[in-house]
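K.L.:
Below, each chain spelled out in residue letters.
2 protein chains.
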Amino acid sequence: MDIKKIADMISYKAEKLNKVSLFDTDNFFCDVYCFEPGQFQKVHSHDESDKTYYVLEGKGKVTVGSEEKELCAGEITIAPAGEDHGVVNHTDQRLVMLVFMAPKP
Amino acid sequence: MDIKKIADMISYKAEKLNKVSLFDTDNFFCDVYCFEPGQFQKVHSHDESDKTYYVLEGKGKVTVGSEEKELCAGEITIAPAGEDHGVVNHTDQRLVMLVFMAPKP
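Going down the list, the sequences are from chains A and B. Note that the numbering used here has the first sequence beginning at 1, numbered continuously upward. Note that the numbering used here has the second sequence beginning at 1, numbered continuously upward.
Isolated chain A (complex conformation) (with noise of 0.2 angstroms):
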């Protein structure tokens, strides 16, 4: 039984925000993504995946479509299919976020 603790999966890059994987099946990826201050993932899309980000740790700026909106540790939001998203670590502290998306693109 693969059991995981986020805890000590967490880890980071200098050079650009760290996607760690934690589950890779034929149907979805399940990441933590760790974003030093400034850290950013790029806006882009996938015309058929729709993906979840949930913050663990920290706050960070989210991008989905055409709003840009603080998220917080405890919530979570989806960016559908085709549309824009990305986000941006905009504080002094560190931000780790669960990510979902599925299907693979």
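Please note that the accuracy of each hint is not assured.
The list treats identical chains as one, so a pair stands whether inside a single copy or across any two.
The list that follows gives simulated cross-link-like pairs (lysine to aspartate or glutamate, DMTMM-like), each with its CA atoms no further than 25 angstroms apart [what the hints assert, rightly or not]:
id : residue 1 : residue 2
1  : K59       : E75
2  : K13       : E83
3  : K16       : D31
4  : K19       : D2
5  : K59       : E48
6  : K104      : E75
Derived from the structure by calculation, the hints contain no laboratory data. Bear in mind that the values here come from a model prediction, so they are computed numbers and not experimental data.
Got chain A sorted already, so can you dock chain B onto it with the hints?
P.N.:
Chain B in isolation, oriented as in the chain A frame:
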């Protein structure tokens, strides 16, 4: 932009596990499962769908395949397609899980 604060979504039913839908798309569902002490999700399986269980609060015993293990807050596991899986809140505290399944059965 559809932002949900999970603390505001948590609610319980006296008679059984309460599944609160956060997002339900063509590709997956994302729920919060709220267990009072003693409540459970019966062991079952889905031929085609993978499911993840992430513990937000409390502890529970999770079955995947022939194994049963305790999962604590901050831990996540996966029930791959075709494998038996279920949860029981064996404690005297409430249990809250964030659950993803894709594709929808």
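K.L.:
All the hints need checking, so say for each whether the structure fits it.
P.N.:
Evaluated hints:
| no. | hint | verdict |
| --- | --- | --- |
| 1 | K59 <-> E75 | both (10 angstroms within a copy, 21 angstroms between copies) |
| 2 | K13 <-> E83 | neither (27 angstroms within a copy, 35 angstroms between copies) |
| 3 | K16 <-> D31 | within (15 angstroms within a copy, 31 angstroms between copies) |
| 4 | K19 <-> D2 | both (19 angstroms within a copy, 23 angstroms between copies) |
| 5 | K59 <-> E48 | neither (27 angstroms within a copy, 35 angstroms between copies) |
| 6 | K104 <-> E75 | both (23 angstroms within a copy, 23 angstroms between copies) |
The earlier numbered hints that this structure contradicts are 2 and 5.
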